[in-house]
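One-letter residues, chain by chain:
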Amino acid sequence: MTESPLPAVLLEAVRRDLRPVRPLAPPWRRALAVAPLAVLLLMGQPLLWQWRSNLDALGGPVSWGLSVLQSAAGLALIGAALREAVPGRRLPGAALLLALGGGLALVLGVTLFTAHVLPTVMPPGVAWRFWWECYGMAVLAGLPAMAVAAALSARLLAGRPAVAGALYGLGAGLMTDAGVRLFCWVTEPAHVIAAHGGAVLTFAALGAAASAVLERMKA
Amino acid sequence: MEDVSAHAGDEERELARLMVAYQGGELAAFEAIYAALAPALHGYLLALSRDGSVAQDLVQDTFFEMHRSRRTYLPPLPVRPWAFGIARNVHRRHRRAAARRARHEDAGVDVSSDRRRPAAPPGLQAHDIEDAVRRLPPSRREAWRLHHVHGFSFAEIARLLQIQLSAAKLRSSRAMTTLRALLGAGRRTRP
Numbered sequence: 001m002t003e004s005p006l007p008a009v010l011l012e013a014v015r016r017d018l019r020p021v022r023p024l025a026p027p028w029r030r031a032l033a034v035a036p037l038a039v040l041l042l043m044g045q046p047l048l049w050q051w052r053s054n055l056d057a058l059g060g061p062v063s064w065g066l067s068v069l070q071s072a073a074g075l076a077l078i079g080a081a082l083r084e085a086v087p088g089r090r091l092p093g094a095a096l097l098l099a100l101g102g103g104l105a106l107v108l109g110v111t112l113f114t115a116h117v118l119p120t121v122m123p124p125g126v127a128w129r130f131w132w133e134c135y136g137m138a139v140l141a142g143l144p145a146m147a148v149a150a151a152l153s154a155r156l157l158a159g160r161p162a163v164a165g166a167l168y169g170l171g172a173g174l175m176t177d178a179g180v181r182l183f184c185w186v187t188e189p190a191h192v193i194a195a196h197g198g199a200v201l202t203f204a205a206l207g208a209a210a211s212a213v214l215e216r217m218k219a
Numbered sequence: 001m002e003d004v005s006a007h008a009g010d011e012e013r014e015l016a017r018l019m020v021a022y023q024g025g026e027l028a029a030f031e032a033i034y035a036a037l038a039p040a041l042h043g044y045l046l047a048l049s050r051d052g053s054v055a056q057d058l059v060q061d062t063f064f065e066m067h068r069s070r071r072t073y074l075p076p077l078p079v080r081p082w083a084f085g086i087a088r089n090v091h092r093r094h095r096r097a098a099a100r101r102a103r104h105e106d107a108g109v110d111v112s113s114d115r116r117r118p119a120a121p122p123g124l125q126a127h128d129i130e131d132a133v134r135r136l137p138p139s140r141r142e143a144w145r146l147h148h149v150h151g152f153s154f155a156e157i158a159r160l161l162q163i164q165l166s167a168a169k170l171r172s173s174r175a176m177t178t179l180r181a182l183l184g185a186g187r188r189t190r191p
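Protein chains in written order, with our numbering: chain L, 1 to 219; chain C, 1 to 191.
I should point out that these hints are in silico values taken from the structure, not numbers from a laboratory. Treat the hints with care, since some could be wrong.
Cβ pair distances, simulated, as ranges [as the list claims (entries may be wrong)]:
1. L108(L) <-> A28(C): 51 to 59 angstroms
2. T177(C) <-> L98(L): 52 to 60 angstroms
3. G24(C) <-> R155(L): 25 to 33 angstroms
Sample of chain L residues facing chain C (criterion: CB under 7 angstroms; computed from the structure) [said to hold, decoys possible]:
4. L6
5. P20
6. L91
7. A154
8. L157
Covered, in the sense of this in silico footprint (three residues per stretch, anywhere, with C-beta under 8 angstroms from a C-beta of chain C), are these stretches of chain L [said to hold, decoys possible]:
9. 12-19
10. 22-30
11. 77-88
Bear in mind that the values here come from a model prediction, so they are computed numbers and not experimental data. C-beta atoms are modelled at their ideal positions from N, C-alpha and C, and glycine is treated no differently.
Use the sequences and the hints to build the structure in full.
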């Protein structure tokens, strides 16, 4: 028998911990772990606070339809983040651009389309309060979803942790906004972009920062 | 050209088969993966670090990390991109740790006061320390190197080497004691 070319300490470490392991599920299936939270964010926020007063006027496809679309896009982004975090499986540049740009474009598109279908005007003197309510509630409500996505991603070894984090943060932001827009009756783009879009961007930034910090803590 | 790509495809398929066996707990599969990938990883890490001994250490760290993260390999995907992705990560961590050490040294701070890194006694040369480290027993040298050179915490070392936390601390501490003795003795023999 020939001598093993492995360093002895490495061989010994591997030998001592050679229990069989099951490969992780594909990223899309792991992203489904966040699906219950997506449903909770979609239904729970308006149930907890109140349904938007003009829900009926908005119609099912524009209210529920677009929110479900946003939730699904959020889950897809978390799936993309979990793929990005696997060594050697980083997203190509075009796919990354499509994912990040598409997520932001979806929020903008949904905002403008909803305002077009049912224009509303912000009552005077409440703009700041409304901004804070929507922004603050969204950030608070979405943190658990982002924490779960961060935990799923941190088990891997992202080559670009900030990118993976931005993806799952954006995903959590989209899922959160899907519920917030069923609560907030205002469709004025200035409010929706600043408060709802601001929360989505905050999640993307928080995700990028959290992922980078978690990676450094592992190092 | 077709022969080359067909050969590469066969090699990848064989590596993927070995990875599945390794995930299933076969030591021989890990040895075969090491034999197949270590030279290429060494070349890659040498190109990144431009230092032969650092590259050798990083190859070993890469295989440690591959072992810890073997669940993240998803069959039947190619093994090489996965392994090289891990190697890139290991190199990035090493570079970050080295930069952190350099910053601390520039600031005149002991590299890691909480890790009781020894100050080099005056009159000692770098090769004296390297010689002394090489003379340490392998298990102690590894624990010492992982902690003091690569900046792993004792908890991480315990996980990595599959030993108790106290054993990781003890190995590192005994290595340090031996190093002090070796370096002290070496210094006395010099004029």
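Quick rundown of the hints versus the structure:
1. Taking the beta carbon of each, L108(L) and A28(C) are about 56 angstroms apart, inside 51 to 59 angstroms as hinted.
2. The beta-carbon spacing between T177(C) and L98(L), approximately 57 angstroms, falls within the hinted interval of 52 to 60 angstroms.
3. In this structure, G24(C) and R155(L) break the distance hint of 25 to 33 angstroms, their C-beta atoms being roughly 20 angstroms apart.
4. Hint on L6(L) holds. Least Cβ distance to chain C is approximately 5 angstroms, under the 7 angstroms limit.
5. Of the supplied interface hints, the one on P20(L) holds, with its beta-carbon coming within about 4 angstroms of a beta-carbon of chain C, less than 7 angstroms.
6. A distance limit of 7 angstroms between C-beta atoms decides the matter here; for L91(L) the minimum to chain C is near 13 angstroms, and the interface restraint is violated.
7. Because the closest C-beta pair between A154(L) and chain C is about 12 angstroms apart, greater than 7 angstroms, the hint is violated.
8. Checking L157(L) against chain C: minimum C-beta separation of about 5 angstroms stays under 7 angstroms; hint holds.
9. Beta-carbon proximity to chain C at under 8 angstroms applies to 8 residues in the segment 12-19 of chain L; the threshold of 3 is reached and the given coverage holds.
10. Counting residues of the segment 22-30 of chain L whose beta-carbon sits less than 8 angstroms from any beta-carbon of chain C gives 4, enough to reach three: the coverage restraint holds.
11. Counting residues of the segment 77-88 of chain L whose beta carbon lies closer than 8 angstroms to any beta carbon of chain C gives 3, which reaches the threshold of three, so the coverage claim holds.
Checked against the numbered hints listed earlier, the structure breaks hints 3, 6, 7; every other hint is satisfied.
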